[in-house]
Structure formats: structure tokens, C-alpha cells
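With the sequences and hints as input, model every part of the structure.
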Amino acid sequence: MDRVRTILTVVAISTLTTCGALLIVGTNPVDVFSAFFKGTFSSWRHFAHVINVWIPLVICSCGLLFTFSLGLWNIGVEGQIMLGAVGTAWVMRHLADMTNPTVTLGIAFLMACLLGAIWATLSGILKIKSNVHEIFSGLGLNFVAQALVLWLIFGPWKRPGVASMSGTRPFPAAVWFPVPEGWRFSPIALVAALLVMGITAWIFISTRWGLLIRAVGNNSRAAEVHGISINGNFLLAMAVAGFLAGMTGYYQAVFVYHRLIPAISSNYGYLSLLVVMLAQYRWTPVPFIALLFAMLHVGSIQLPLTLNLDSSLGGVIQGILVLTTLGVVHFRRNS
Amino acid sequence: MNVILRNIHKFYGPVHANRGISVTFREGTIHGILGENGAGKSTLMKILAGYTPRSDGQILINGAPVDYSSPGEALKYGIGMLYQDPLDFPALTAIESFTIGLPETPICLPSKHFVKLFEELTRRFHFSIRPEIPVEYLTVGERQQLEIMRLVAAGAQFIILDEPTTGISIRQKEILFDALRQLASSGRTIVLVSHKLEDVVNLCSEVYILRQGKCVGHVAAPFSKAELLEYMFGQIPPPVSRCILEKGATVLWMDRVSASWKKTTMIRCSFRVRQGEIVGVAGLEGSGQETFLRVAAGIATPHEGDLYLDREKVTGRKRSYFKNRGIYFVPNDRLAEGLFPDLSLMDHYAIAFGGSSWLIPWKTIEELARERMETFSIKGQVVSKAAGLSGGNQQRLLLSLLPANPRLLLLEDPTRGLDVESATWIWKYLQNLAQKGTAIVFSSRDLDEVFAVSHRITAFFEGRIALDAEVNTTTVDEVQKTIAGLFRE
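Listed in order, the protein sequences are those of chains A and B. Position one of the first sequence corresponds to residue 1 (this note's numbering), numbered consecutively onward. Position one of the second sequence corresponds to residue 1 (this note's numbering), numbered consecutively onward.
Keep in mind that the hints are not guaranteed to be accurate.
Selected chain A positions facing chain B (in silico; Cβ < 8 Å) [claimed, not checked]:
id: 1; residue: 207
id: 2; residue: 215
id: 3; residue: 219
id: 4; residue: 221
id: 5; residue: 222
These aren't lab readings, by the way, just hints derived from the structure by calculation. Because the structure is a prediction, the values reported are computed rather than measured. The beta carbon of each residue, even a glycine, is placed where N, CA and C say it ideally should be.
Structure follows, in C-alpha cells:
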């Protein structure tokens, strides 16, 4: 009952705030909402776009559920996505000619997850060995990862002739992930995302590890008294989050762009942080919030075309949602 | 001023903490509110002080109904409360902390007017706090004194004290009680919340007794202790006595260990405990017994000396190693160090008894949880959060998480803040463990408790073990002198 009231309050406040903002800009909110609707539900093609955003958001958010449960702020998730994409691109460049496409795609997948996990573990090691807060190490590693991507695009992996912001040369068409005729997204990836979601839920419901990380996140001093390894769980959760972030990077490189581009992460790491925060660190609402965010993301692309509005409006609405939720939840808790 | 609470109800979710309580507090009188833990005393007082909103009922001040929703507003009506942990500012000096809590705080601190007021109040109540001393150096008793002065200066006509005698010395208690009598004779209304019969009998002129959220009795002085106890519990609990010791092999041996934990240190302590033995550790707060217990539990690591478990050297091992060898620790601050506040009781049992299997057998755990909660009479649901339990129930929960036969049990203030009945129950349980061979080492601020149950007593002073004696060879007086540092004379 309380939860329903919280949700209704959030929806009411954020809708009103958004309408208010739109009216100030001089746009009819009804037009904007119908544009969002058209951009996402009007056709199969549009909805396929939404799914293409939903898949990486869900995968990445699941990883963050583990770190957030431990009380870790894995801001470095952006960099972990980029490293996943770098790993993928490296395999594509060096192995694509040597083996058959399926094997290459498989190796690239493992490489992406591995690099993501290593990048995340670096933050974890800095935390437990040198007491560097994961927010700072994460931010730092994000810059390093971004620099690495840019260096690769403009240096060793530049397009023959001229280096450009549009990224490296596309991967050979043989190693593009196969998509059935007319689908516009891969059913295999969709199944994989659902599988990740299911395994995450299962870990939290049924496994001892899921319980232990919630325990450490809730009270690390009591965890110590109960003989639960704190540092070990930090590293493991970071590695799992990095693994899934790497998977997100793989998706971006292999399904969406077919090459390495500077903005390869599409900010999905930061967006996933918002998804999980909005979900109040629980797994149940994650797929639905990810769907809402994906719709806002895709729908906002329509805005410049039909209403001459900037597409960043989608981001504004996402921001309003998260801030209202946090505000309302904390207000409820305090009163 | 006269305050009437009429038919007060309070619900915390499904918990009905106050069930229609009606009480009257008369001007110039010291009232007692007596009741065991979880009886609803603190809830009622928090409602009166504006800290918690009531679910139903009325508050009347001098006959007129009033409404307020914060401690600040309550203070405007003249109602002030002294909490178990005083609400002051450790980083400031006494005079700053005093001034900042007053309604008409000046912009630049501290002005002469307030220093004068401060000194006047200390003289009046025979307190001995200097204005410029930092609050973090004050003892709990002195911080209470500071808070009382602040409330009086802020114009409180009605002062509530929640368990004020926990953790303060006997001398400070006398000073506190004198000050309260003085306040009452100057026309203020005082309410003392306590589960300590002694305090209530010595100080109050009338007492309301709460049990399970209801007001079950109203008695005026002179009191009969037996009558009060019967109101509180329905029956009189028998006192605890020492159990017979059959000494076994040495379980833990510390050889000249030095270590520190937080701000407290222990210096070159040697100690030995045998199977079935109950050792009471005495010492003023911060004397080193905190570190001592944590070293024995494997939470703090010695930087000098060695630690042996059953003759095996375990210096520098992890806590999990100690735990696997059957060494358990029950800390003083239950919510901060012992329990997971937002996890359910069932989660706690799964952590403690889930074993090392990957999957949690939730069915078995739920059965086990129900059974344990029944045995330890924990009032709550398997799905309730640990933070929602009362202090006594939290302690029972902690004990119910221990295995049936620990090798060594280390407890810090095991009966802190518990009523007589809960404390008796807990000691019966612990003595039963000792009879089966568990070695028990516990610290306590209550020397009577230490003497009642221990076979041996160890006293700390400034990080060193200043006394280690069989209970028959020492006296309360000697231990008191030792922990106060008078043994040197």
C-alpha cells in the first residue's frame, strides 16, 4: 500500500514538473507525449529500437545491483563498458581472419567480459589495499578508458587514410552478429538479457552469496563479527559488475555499431546507475524501469524531427524521475 | 505544569506499542515510569517530547489540548527530554554546545551573558563542568548534566529523563538525583523512565507501571518493591546465583599481548580461560577490556605477544578462522556491530546456520527460525527487520544465533539496558552453556552482576590487567578501587 502511494506520488510530481517545464519552453505537453508514443510504439521498427536499448541497460543494471547491494558506488561502470568494447574490437581485428565467425564472436565475448571484470577489479583492489574510495578510482579509470578508446581510434586502429570521430573501420560483415531477416534486434541477445536478469534474481533469492553481500552492505562491522569476508566479497561483486559491463560493451560493439566509436558506451553505464537507484537497489523493478528509460531514450529522438525540440528532453525527464523518487522516498522515510 | 496524556495509541507498522495509555503528571512532583524492555515506556515519552507522532489520543497541558510535531515545538510548551544518548555536539566546547541549543542563540559565541548563566547553573546544581572543556572529553554523566542545564535555561518546566542512570558513576547519580529534587521543589515536573527499581524507589513520589503497551498500575510512595515487581512482570523473578565450576582444559591463552582497537589499547596482557569457566571482566569505559575481547575474538590483531587456542598459535589469523574454531563474540552495541538492521530475522538465521552450501535451504531455515524464536522467546515475525526489535529481543536474537556448543563465548555488557527478567533469563542460558563446557568471558559495568555469576574476576585499568583473582579471594570494594586506579596506594 505504501509502495503504491510512493509510486503514484512520484508519477504525479514528475509529470507535473515535466509539463511545467514544457509549458515554460512554450510547447504543448500533449504533443510531446504523443511524439514519445509515436517514437516508441507506432511501429515494430520503433519498438525494436527500444529493445535494442533495453538489452544493454538491463545487463549493465544487473551488474550494478551486486555492487550497490554491498554499498559500493561503481561509478567506474562506464569505463568497464568501454573496455568490453575495446576487447571485442581487438579480437575482431586480430582473429577475424583466422577462425570462423562463430568462434571469433565467442572469443570476443569472453575477452569483453574479462577486460570489463579486470577493469572493475582494479577499482576494488585500490579500495581494499589503498583505501581509495571506489567513486574516485572509478571516475579516474573512466577517463583512462575514454583516453584509451580515443587513442586507439586515432592511433593504431585508425581508418586507412584518415582518422575520424566516426570510429574505426567497421568489422568484417562476416562477424556482425547474425540477426534474422526483418528483426532489427537479435533474439539471442534478448534471451541472454532475460537470462542475466533471471540469474541475478535467483542469486538474490536463493543463494548464500546474495544474502552475504546484502549483509555486508547493511552492516560491515557485524559482517566481520560473523566471520564474513568483506574484502573478498568487494572484489567478487566488482568483478561480476565489470563482467556484465563488459558484456554491455560487447553488445554495443557487435550489435549496434559494428566498430569501435568514441561514444561506444552511449552513457548506458551512467543511465544504469540511475535505473538501479530508481529501483531502490532491488532487482524486481529493474526490467520495468529499464524499459521506461529505453522508451524515453528512443522516443526523444523523435522530438527534433516533429516538434523542433532538443532530444536531450529525454534525459531531463529521466533526471526528474530519479530526483523525485529519491526525494519522495527519503521524505517518506523521515516523516 | 500539569500534563495529562489521554488514551495514547501508537502503531509502528503492525506493532501496537502503546495501547490506550492514560496518565497524569502533576506539577512539582517526580514521577516514575517503570516497565520492562519493550513495555512501551520510551515510545510514550518520545510522543510526549514531540520526537514521534502519536497514532491516536490527546495531550493536555494545564487542561488545554495541545499539538506539536517536533522536540523544538514541545520545548516551546516547556517540555524537554534528556535522551539515553545526550543530544550534544562532541566537536564543540561545553559552553558552545550549551548556547547553541538555546532558543535565543547569539550569532557570535560565547557571549558573556551565557557564560554567566552557565556558571550560575553549575553552582546551583553542584555540577562541576568547566565551560571551555570540549564535549568529547566529558563523561556520560557530565554530558547529562550539561543537557539538564540547557533544558532549564531553555525554560523547560517539564523534564523527561530516559534511563539516566545507565553508565554513570554512583557519585554522579547522587548529584543528578539532588539536582532533580531541587528542580521539582522549584515547581517543575520531572518524569524518570527506568527499569531499575532502586532508582525509582529512591527518587520518585509516584510511579506508573507499563506492561505490554498498557498502563497496569499507579502507585504512590512509600513503595513496596515486591508490589512493583509484580506489576512489572506478573511474577517475581528469582535472583541469579553462581553455577558450580568443573574446570577443564585451557581454551584460550594470551601471552603478553598488546593491541589497540579504535581508541582503546591493551598493554602486555596475559590471560587464560578454561572450559566451563565464567570470567567477569571489570573496568571503566575505555580501560582496554573492549580491545581485550576483540583480540580474543580475532577481530583486533595483536601487535605484540601471542594468542593460543587449544595450544595452537593463532596470532594474526582471520576472524573466520576463530569462528570456525568455535569462538563467538556478542558485542555491546547490538545494532552497530552485532546485527544487520535492515535484514529480516530469517536472513540472520540463514547467515548463522546456512552452512557453506551455495543455496540457502529456506524451508529448513524458516522452521529453524521459528523454533529458535520460540525457545528464546523473541517477540517478532520471521520476516521482521532486526532494527524493529526492542533491545531485549535484539539481545535474545544475538544469543539465538550462537551454535549449541561454542568453545568460547565472549560477551560485552550482555545485559546492558535489559530488565531484570530478561537478564535473569540470559544468565540462566549462559550458565547452562558453561555447565556443558563452554568457556565464557564477559565484561560488565555492573559489578554486582560480575560478582553474582563469575568464577574469576579480571579488572582492567589503563590498558593493563590490574587484578586477576578467584571470586572468593577478592571483594567488590577491592575491584572498585582497582578499576579506579587506587590499587597503587
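Here's how the hints hold up against the structure:
no., hint, in the structure
1, 207, "holds, 6 Å"
2, 215, "holds, 5 Å"
3, 219, "holds, 5 Å"
4, 221, "holds, 5 Å"
5, 222, "holds, 6 Å"
The structure fails none of the hints (numbered hints given earlier).
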